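There are 2 protein chains.
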Amino acid sequence: MSRRSGILEFAVLGLLRESPMHGYELRKRLNTSLGVFRAFSYGSLYPCLKTLVQQGWLAEEPGRSPDDPRATALSNRRAKIVYRLTADGKERFEELLGQTGPDAWEDEHFGVRFAFFGQTSRDVRMRVLEGRRSRLEERLAKMRASMARTREKLDAYTLELQRHGMESVEREVRWLNELIESEREGRDHRDPPHHGDQRPPDGAPERPRPGPPDDTTT
Amino acid sequence: MSRRSGILEFAVLGLLRESPMHGYELRKRLNTSLGVFRAFSYGSLYPCLKTLVQQGWLAEEPGRSPDDPRATALSNRRAKIVYRLTADGKERFEELLGQTGPDAWEDEHFGVRFAFFGQTSRDVRMRVLEGRRSRLEERLAKMRASMARTREKLDAYTLELQRHGMESVEREVRWLNELIESEREGRDHRDPPHHGDQRPPDGAPERPRPGPPDDTTT
DNA sequence: AATTTCATGTAATTCGTTACATGATTCC
DNA sequence: GGAATCATGTAACGAATTACATGAAATT
Numbered sequence: 001m002s003r004r005s006g007i008l009e010f011a012v013l014g015l016l017r018e019s020p021m022h023g024y025e026l027r028k029r030l031n032t033s034l035g036v037f038r039a040f041s042y043g044s045l046y047p048c049l050k051t052l053v054q055q056g057w058l059a060e061e062p063g064r065s066p067d068d069p070r071a072t073a074l075s076n077r078r079a080k081i082v083y084r085l086t087a088d089g090k091e092r093f094e095e096l097l098g099q100t101g102p103d104a105w106e107d108e109h110f111g112v113r114f115a116f117f118g119q120t121s122r123d124v125r126m127r128v129l130e131g132r133r134s135r136l137e138e139r140l141a142k143m144r145a146s147m148a149r150t151r152e153k154l155d156a157y158t159l160e161l162q163r164h165g166m167e168s169v170e171r172e173v174r175w176l177n178e179l180i181e182s183e184r185e186g187r188d189h190r191d192p193p194h195h196g197d198q199r200p201p202d203g204a205p206e207r208p209r210p211g212p213p214d215d216t217t218t
Numbered sequence: 001m002s003r004r005s006g007i008l009e010f011a012v013l014g015l016l017r018e019s020p021m022h023g024y025e026l027r028k029r030l031n032t033s034l035g036v037f038r039a040f041s042y043g044s045l046y047p048c049l050k051t052l053v054q055q056g057w058l059a060e061e062p063g064r065s066p067d068d069p070r071a072t073a074l075s076n077r078r079a080k081i082v083y084r085l086t087a088d089g090k091e092r093f094e095e096l097l098g099q100t101g102p103d104a105w106e107d108e109h110f111g112v113r114f115a116f117f118g119q120t121s122r123d124v125r126m127r128v129l130e131g132r133r134s135r136l137e138e139r140l141a142k143m144r145a146s147m148a149r150t151r152e153k154l155d156a157y158t159l160e161l162q163r164h165g166m167e168s169v170e171r172e173v174r175w176l177n178e179l180i181e182s183e184r185e186g187r188d189h190r191d192p193p194h195h196g197d198q199r200p201p202d203g204a205p206e207r208p209r210p211g212p213p214d215d216t217t218t
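First to last, the sequence lines map onto chains D and A.
With the first letter of the first sequence counted as 1, position 90 gets the number 90 in the numbering used here; the numbers rise by one all the way through.
With the first letter of the second sequence counted as 1, position 88 gets the number 88 in the numbering used here; the numbers rise by one all the way through.
Among these hints, one or two may not hold up.
Where chains are identical, the list cannot tell them apart; a pair therefore holds if satisfied intra-copy or between any two copies.
[As the list claims (entries may be wrong)] Here are the computed lysine-lysine pairs in the DSSO-like style, where the Cα-Cα straight-line distance is at most 27 Å:
#1 Lys90 / Lys153
#2 Lys80 / Lys153
#3 Lys142 / Lys50
#4 Lys90 / Lys142
Hint data in this document are derived by calculation from the structure and do not stem from the laboratory.
Since the structure is predicted, the reported quantities are computational estimates derived from the model, not experimental observations.
Use the sequences and the hints to build the structure in full.
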């Protein structure tokens with residue numbers, strides 16, 4: 001019954017933390033802002049919202065779209081249900097933000113975790129980035145071993161597929177290296193090679209816990 | 001009931017087409033040769049094998065590992081179950097190979113389709129590659145539109161995430177361009193118009209001529 | 001007036017995993 | 001003879017989708 005997906009829950013709480021929204025709008029943001037990696041359908045979203053309300057993390061408000069000036073006064077024409085984060089919900093989200101288990105850097109989770117780095121403390125950001133990197137390096141090692149073993153036996157297409165796959169992983173590792181370097185230097189990654197201008201994240205809560213990164217991933 | 005996964009079924013038929021195998025070995029090949037993209041567990045594989053046998057596409061043989069010289073004679077010590085492709089199974093696989101619906105170039109399917117390009121006729125290869133490319137270009141267009149709309153409102157991390165995502169897609173498009181170009185140039189004269197006879201797995205398959213002029217890696 | 005887009009939801013189904021249960025074979 | 005790996009399977013669960021069902025609001 002409990003349609004708690006982990007990642008969907010996390011994303012919903014995170015988006016509602018910024019501002020209240022109704023389901024339809026929430027879904028659009030889910031599939032654009034964060035949606036390069038994942039797409040959710042209503043069949044997932046609405047049940048999830050329901051359970052989050054039951055948990056006490058969200059509150060429902062009959063309402064109109066918040067940027068609709070017309071409907072402020074005389075409308076009892078409820079149709080949209082606007083969800084907002086409760087105090088408990090905020091607490092819950094921050095608890096999730098602080099988690100740095102292996103889950104945080106698996107393929108499915110990493111993207112959405114990164115998307116909310118603006119809300120994440122620096123040491124957690126570091127742990128997640130480094131965890132992700134060592135996860136990928138592990139994977140690279142396996143791929144290299146596998147390619148060494150089977151080099152001769154595979155046809156050109158399979159080989160090309162593996163080569164391209166490895167290159168993709170290597171590319172992500174380089175990306176992570178740049179990000180980690182930026183975090184370390186304390187600058188926000190605005191200078192790395194040649195991307196357009198970026199604004200620093202605004203409300204990043206800086207907790208100065210200099211914990212050594214938990215390197216033993218797996 | 002029917003644990004037919006589409007992609008798992010396809011991969012199993014394709015691997016067994018090359019040589020008979022038992023489940024355990026099959027799973028390893030699934031997760032190395034093709035496994036950059038997907039990993040399957042026994043809980044998926046064995047039920048799938050069962051239904052493929054029921055369909056008449058696979059046949060079970062009590063057997064030993066085919067490269068174990070000791071056990072050739074006196075062993076009734078069955079433990080492994082070696083699966084081989086039946087005639088119907090071959091037909092089925094070739095039917096699947098020929099399909100060029102939109103399914104063939106979605107994220108999940110494309111990898112495994114590509115892995116068996118060595119068995120695929122040229123025109124189908126072309127359609128799959130071009131289908132994949134236009135799918136990605138579609139996605140790029142959406143991402144660009146979305147970024148144009150929301151540029152100002154997002155924090156640096158979200159933006160960086162989107163930028164990296166877009167770059168990944170662009171990179172895959174360039175890869176596809178090279179592959180399509182190679183296919184176009186490398187017209188092999190020995191191209192069978194419709195399926196029927198396939199080369200033995202040892203015979204040199206056509207080379208995709210990946211031609212990597214950029215060696216940004218290694 | 002009709003069509004599109006907005007908006008919310010439920011039921012059945014798909015695709016796959018994890019945890020469990022069992023046992024043979026090989027290596028030390 | 002004990003551990004690691006090989007080998008096969010099942011039951012319970014998980015996460016998300018698709019298809020369905022409904023209806024209000026905006027646009028043409």
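Each hint, compared with the structure:
{"no.": "1", "hint": "Lys90 / Lys153", "result": "between (54 Å within a copy, 22 Å between copies)"}
{"no.": "2", "hint": "Lys80 / Lys153", "result": "between (59 Å within a copy, 24 Å between copies)"}
{"no.": "3", "hint": "Lys142 / Lys50", "result": "neither (42 Å within a copy, 30 Å between copies)"}
{"no.": "4", "hint": "Lys90 / Lys142", "result": "neither (40 Å within a copy, 32 Å between copies)"}
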